[in-house]
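Sequence order for the protein chains is A and B.
Residue numbering for the first sequence follows the working numbering, beginning at 1 and increasing consecutively.
Residue numbering for the second sequence follows the working numbering, beginning at 1 and increasing consecutively.
What the hints contain is simulated information worked out from the structure, not anything from laboratory work.
Cβ coordinates follow ideal geometry from the N, Cα and C atoms, glycine included.
Some hints here could point you the wrong way.
[Stated by the list, open to error] Label-pair restraints from in silico Cβ distances: (1) V26(A) <-> P212(B): 36 to 44 Å; (2) T160(A) <-> G197(B): 15 to 23 Å; (3) V24(B) <-> A9(A): 50 to 58 Å; (4) G143(B) <-> R107(A): 53 to 61 Å; (5) G197(B) <-> Q259(A): 30 to 38 Å; (6) R260(A) <-> G277(B): 37 to 45 Å; (7) R199(B) <-> R57(A): 55 to 63 Å; (8) G197(B) <-> G12(A): 17 to 25 Å.
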Amino acid sequence: MRRPLASLAVNGALALVAALTLFPLVWMVCASLMTPGEASTYPPPLLPRSATLANYRLLFAEHGIIRQAANSLFISLLATALSLLFNVSAGYAFAKLRFAGRDRVFRLLLGALVVPAQVAMMPLFLMLKELGLVNTYAGALVPWLASVLGIYLVRQYALTIPDALLEAARIDGASELRIFVQVVLPLLKPIIVTLAVLTFLGSWNDFMWPLIVLTDHDVQTLPVALAALSREHVQDVELMMAGAVITVLPVLLLFLALQRYYMQGLLVGGVKE
Amino acid sequence: MNGSRAGWLFAAPALMAIAVFFVVPVSAALLMSATDFDIYALADLRNVRFIGLGNYLQLLQTPLFWRALLNTLFFVVLGVPLSISASLGAALLLHSRLARFRGFFRTALFAPVVTTLAAVAVVWIFLLHSRYGLINYGLSWLGLHPVDWLGNPRWAMPAIVLLSVWKNFGYNMIILLAGLQAIPDELYEAAQLDGAGRRAMFRHVTLPALAPMLLMVSILTTAGHFQIFAEPYVMTQGGPAERTVTVLYLMYENGFKWWSLGSASAVAFVLFLIMLGFSLAQTRLTRGGGFA
Numbered sequence: 001m002r003r004p005l006a007s008l009a010v011n012g013a014l015a016l017v018a019a020l021t022l023f024p025l026v027w028m029v030c031a032s033l034m035t036p037g038e039a040s041t042y043p044p045p046l047l048p049r050s051a052t053l054a055n056y057r058l059l060f061a062e063h064g065i066i067r068q069a070a071n072s073l074f075i076s077l078l079a080t081a082l083s084l085l086f087n088v089s090a091g092y093a094f095a096k097l098r099f100a101g102r103d104r105v106f107r108l109l110l111g112a113l114v115v116p117a118q119v120a121m122m123p124l125f126l127m128l129k130e131l132g133l134v135n136t137y138a139g140a141l142v143p144w145l146a147s148v149l150g151i152y153l154v155r156q157y158a159l160t161i162p163d164a165l166l167e168a169a170r171i172d173g174a175s176e177l178r179i180f181v182q183v184v185l186p187l188l189k190p191i192i193v194t195l196a197v198l199t200f201l202g203s204w205n206d207f208m209w210p211l212i213v214l215t216d217h218d219v220q221t222l223p224v225a226l227a228a229l230s231r232e233h234v235q236d237v238e239l240m241m242a243g244a245v246i247t248v249l250p251v252l253l254l255f256l257a258l259q260r261y262y263m264q265g266l267l268v269g270g271v272k273e
Numbered sequence: 001m002n003g004s005r006a007g008w009l010f011a012a013p014a015l016m017a018i019a020v021f022f023v024v025p026v027s028a029a030l031l032m033s034a035t036d037f038d039i040y041a042l043a044d045l046r047n048v049r050f051i052g053l054g055n056y057l058q059l060l061q062t063p064l065f066w067r068a069l070l071n072t073l074f075f076v077v078l079g080v081p082l083s084i085s086a087s088l089g090a091a092l093l094l095h096s097r098l099a100r101f102r103g104f105f106r107t108a109l110f111a112p113v114v115t116t117l118a119a120v121a122v123v124w125i126f127l128l129h130s131r132y133g134l135i136n137y138g139l140s141w142l143g144l145h146p147v148d149w150l151g152n153p154r155w156a157m158p159a160i161v162l163l164s165v166w167k168n169f170g171y172n173m174i175i176l177l178a179g180l181q182a183i184p185d186e187l188y189e190a191a192q193l194d195g196a197g198r199r200a201m202f203r204h205v206t207l208p209a210l211a212p213m214l215l216m217v218s219i220l221t222t223a224g225h226f227q228i229f230a231e232p233y234v235m236t237q238g239g240p241a242e243r244t245v246t247v248l249y250l251m252y253e254n255g256f257k258w259w260s261l262g263s264a265s266a267v268a269f270v271l272f273l274i275m276l277g278f279s280l281a282q283t284r285l286t287r288g289g290g291f292a
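Given the sequences, and given the hints that come with them, work out the whole structure.
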């Protein structure tokens, strides 16, 4: 049974929605290639008359945005590494190792999810100020050390590891650490990639905490620097769009490359209990 | 016994990090919200005084607090249903047996979710520009008058809702799409045998099967919407006429602009309680209605 009209309607609607969804991103790229002032004409142009990289050059040469890009990259990479270090072993422990109070602690952790992270920000700032960590990378990284969702994500995946496999290794006399490194970690590889992608994107895109803890221009991340720049350069559409491209493009490309892992994390993390 | 020790050792680093950097600060925030912690206390801790519910009572008498609450509620009440409807609509389109190039469309519709909010907010400032913005240009094609989106007190928050729906609908779309794919075909076949039309099938098969997921999605989306901050910070700085001052924007200004950290903590706890109330109400309401 063929229904050409219905098929046209469904696919037409999908194409329209996709075009509308992608439009702001496509326009961002086009406008970033326009000459200064070009976007502020009527009717608003969609394509640059002659594409130029001048805005990007200006960002790097005059505004030294390479510094903030490096900050963003460094913080996101470290946040990812730390999050893996803390969450993977904990997720495995909550799934596969029996210890006193395990289930009660895990329920408490899930319960803590109802508390919005912003509640902790005022005391956390004071704490870091006392430690001299305001305006340092360490200050920006603190919230990314361990996360309940990260532990949860790894735990749900680790539950699928057969106990017999671990028991066999124990009978062979392997230590728990060795079992974790040689048996468990290879099996957890897919969820480790998932957690890495989620953490990298999450810390790269984060705004409120870096805004609070990184006030010095030299340690700021791209999103915070871009927000500050957009207040000074209200008229410079093309320059701001170049800044937006530099901020958005790395995460967009990373997502496209590792989409499968990202979606997996979304479905485990989003569909809880 | 050995296993128990190993378990604790594996979990300990994460639990300690959560305790030190989350549980302790949250508890401290509760204490701080009962003090007059301000810029003088920041200089010298001896200036802190315990004032009980003083901050909370003070907030209740502050018009800007009520304004922020109202603005945030407006964003939630308008944004959450719109966002979930868009997600459901897109998921239904993608789920349709007639849909082609599903992988491409799925990725395209999801793309805004992974973008940087602060950056796309800057993009939208210019898309929403009253004179040169492409949104008003599009409206003029439809014969509509240009709107001063971010300059008109009435339109600033709806404009932010527009950005937010665009940015977020892909997230719930993926979750609902998984839900749709999990509905067994037999249910539809049985309904078809009973002579149900497409609309009846949607109401009596799809929606009930999706109900638990819709409840979960609406609870998480509501919680996310209550935490709106970057959009007003980047796009409007709370204006025009304080119509986009949200609860977290107020918390940020109180805490990190005026350094009234005690008052900011009280704002945070009020937000927490409201979010908790909404989650519980959503669970109750849907249970009472026979769903889930």
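Outcome of the hint check:
1. V26(A) <-> P212(B): 36 to 44 Å: For P212(B) against V26(A), whose Cβ atoms are near 37 Å apart, the range 36 to 44 Å holds.
2. T160(A) <-> G197(B): 15 to 23 Å: Violated, at about 41 Å.
3. V24(B) <-> A9(A): 50 to 58 Å: 56 Å, holds
4. G143(B) <-> R107(A): 53 to 61 Å: Given about 57 Å between the Cβ atoms, the range holds.
5. G197(B) <-> Q259(A): 30 to 38 Å: 36 Å, holds
6. R260(A) <-> G277(B): 37 to 45 Å: 38 Å Cβ-Cβ, so the 37 to 45 Å window holds.
7. R199(B) <-> R57(A): 55 to 63 Å: 57 Å, holds
8. G197(B) <-> G12(A): 17 to 25 Å: 22 Å Cβ-Cβ, so the 17 to 25 Å window holds.
Hint 2 from the earlier list is the only one contradicted by this structure; the remaining hints agree with it.
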